[in-house]
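Produce the entire structure from the sequences given, and follow the hints as far as they go.
Per the working numbering, residue 1 is the first one in the sequence shown, and the count goes up by one each step.
In case anyone wonders, no lab produced these hints; they're calculated from the structure. Careful, some of the hints might be misleading.
Calculated pairs, DSSO-like style, for lysine-lysine (alpha carbon to alpha carbon, straight line, at most 30 Å) [to be verified]: (1) Lys81 - Lys113; (2) Lys113 - Lys93; (3) Lys81 - Lys153; (4) Lys104 - Lys81; (5) Lys93 - Lys104; (6) Lys93 - Lys153; (7) Lys140 - Lys93; (8) Lys81 - Lys93; (9) Lys113 - Lys153; (10) Lys113 - Lys140; (11) Lys81 - Lys128; (12) Lys128 - Lys104; (13) Lys128 - Lys113; (14) Lys140 - Lys104; (15) Lys140 - Lys153; (16) Lys128 - Lys140.
The structure presented is a predicted model; accordingly, all values stated were derived computationally and were not measured.
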Amino acid sequence: MLRIALLAAGFVLSFSSAGFAQSQPAPVAPKPAAAAPDEPVPRAARAEARRDCYAENVALSGDDLRRAMRECMQERFPSVKLYASDGLTRDGKPTAVTARAVCKQEADATGLKGAERTAALVACFNGKRPDLAQRAECRKEARGRGLDGDALKAAIAECGRNPQG
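What follows is the structure, given as structure tokens:
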């Protein structure tokens with residue numbers, strides 16, 4: 001009789017703990033703390049969020065994956081503008097694509113052809129995005145010195161930080 005009572009008690013406890021475990025909500029991974037709008041998101045938090053977002057959307061590819069990743073990342077950091085929108089970067093400059101499109105429209109309106117058109121496009125783009133023009137010059141100079149790989153990246157970054165030399 002005592003055995004039956006112990007077995008019954010064991011079954012009751014095992015079923016009640018299983019029911020308790022099922023009734024608890026699944027633990028949710030904590031979202032990274034959102035940074036203030038003026039502060040950049042810490043690199044480690046961005047990397048962790050990117051890994052989590054990719055894990056959630058691993059079945060997607062191409063434009064679908066890109067769109068899902070943007071939505072997921074923006075959802076994780078709602079107070080921070082993470083991506084360019086409306087043709088402007090986070091700091092208010094026109095994106096390279098937008099700047100090129102505007103310059104092409106201006107060149108088309110003037111009716112320039114050949115080398116004159118190319119020179120006008122380059123001058124227009126350099127005026128709209130001097131930071132990118134500087135990086136292009138740095139890249140050209142570094143490649144002229146025979147650099148590539150990590151050395152090229154380092155030279156471009158150093159030149160971009162120190163535009164005089």
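Status of the hints after comparison with the structure:
1. For the given pair, Lys81 sits about 39 Å from Lys113 by alpha-carbon distance, which is inconsistent with the 30 Å threshold.
2. The suggested pairing of Lys113 with Lys93 holds, with an alpha-carbon distance near 28 Å, which does not exceed 30 Å.
3. For the suggested pair Lys81 and Lys153, the alpha carbons sit about 26 Å apart, so the restraint of at most 30 Å is met.
4. Taking the CA atoms of Lys104 and Lys81, the gap is near 28 Å; set against the 30 Å cutoff, the hint holds.
5. Under the criterion of a C-alpha separation no larger than 30 Å, the hint pairing Lys93 with Lys104 is consistent with the structure, at around 18 Å.
6. Only pairs whose Cα atoms come within 30 Å are accepted, and Lys93 paired with Lys153 is accepted, the gap being roughly 23 Å.
7. Proposed proximity of Lys140 and Lys93 is supported: the alpha carbons are some 23 Å apart, at most 30 Å.
8. The straight-line distance between the Cα atoms of Lys81 and Lys93 is roughly 14 Å, inside the 30 Å bound, and the hint therefore holds.
9. Using a Cα cut-off of 30 Å, the hinted pair Lys113 and Lys153 is violated, with the two alpha carbons roughly 35 Å apart.
10. The suggested pairing of Lys113 with Lys140 holds, with an alpha-carbon distance near 25 Å, which does not exceed 30 Å.
11. About 22 Å separates the Cα atoms of Lys81 and Lys128, which keeps this hinted pair within 30 Å; it holds.
12. About 13 Å separates the Cα atoms of Lys128 and Lys104, which keeps this hinted pair within 30 Å; it holds.
13. Between Lys128 and Lys113 the alpha-carbon distance is near 21 Å, which keeps this suggested pair within the 30 Å criterion.
14. Restraint check for Lys140 and Lys104: the C-alpha separation of about 23 Å stays at or below 30 Å, so the hint holds.
15. As the CA atoms of Lys140 and Lys153 are separated by approximately 12 Å, the hinted pair is consistent with the 30 Å bound.
16. Distance hint between Lys128 and Lys140 is fulfilled; the C-alpha atoms sit about 20 Å from each other, no more than 30 Å.
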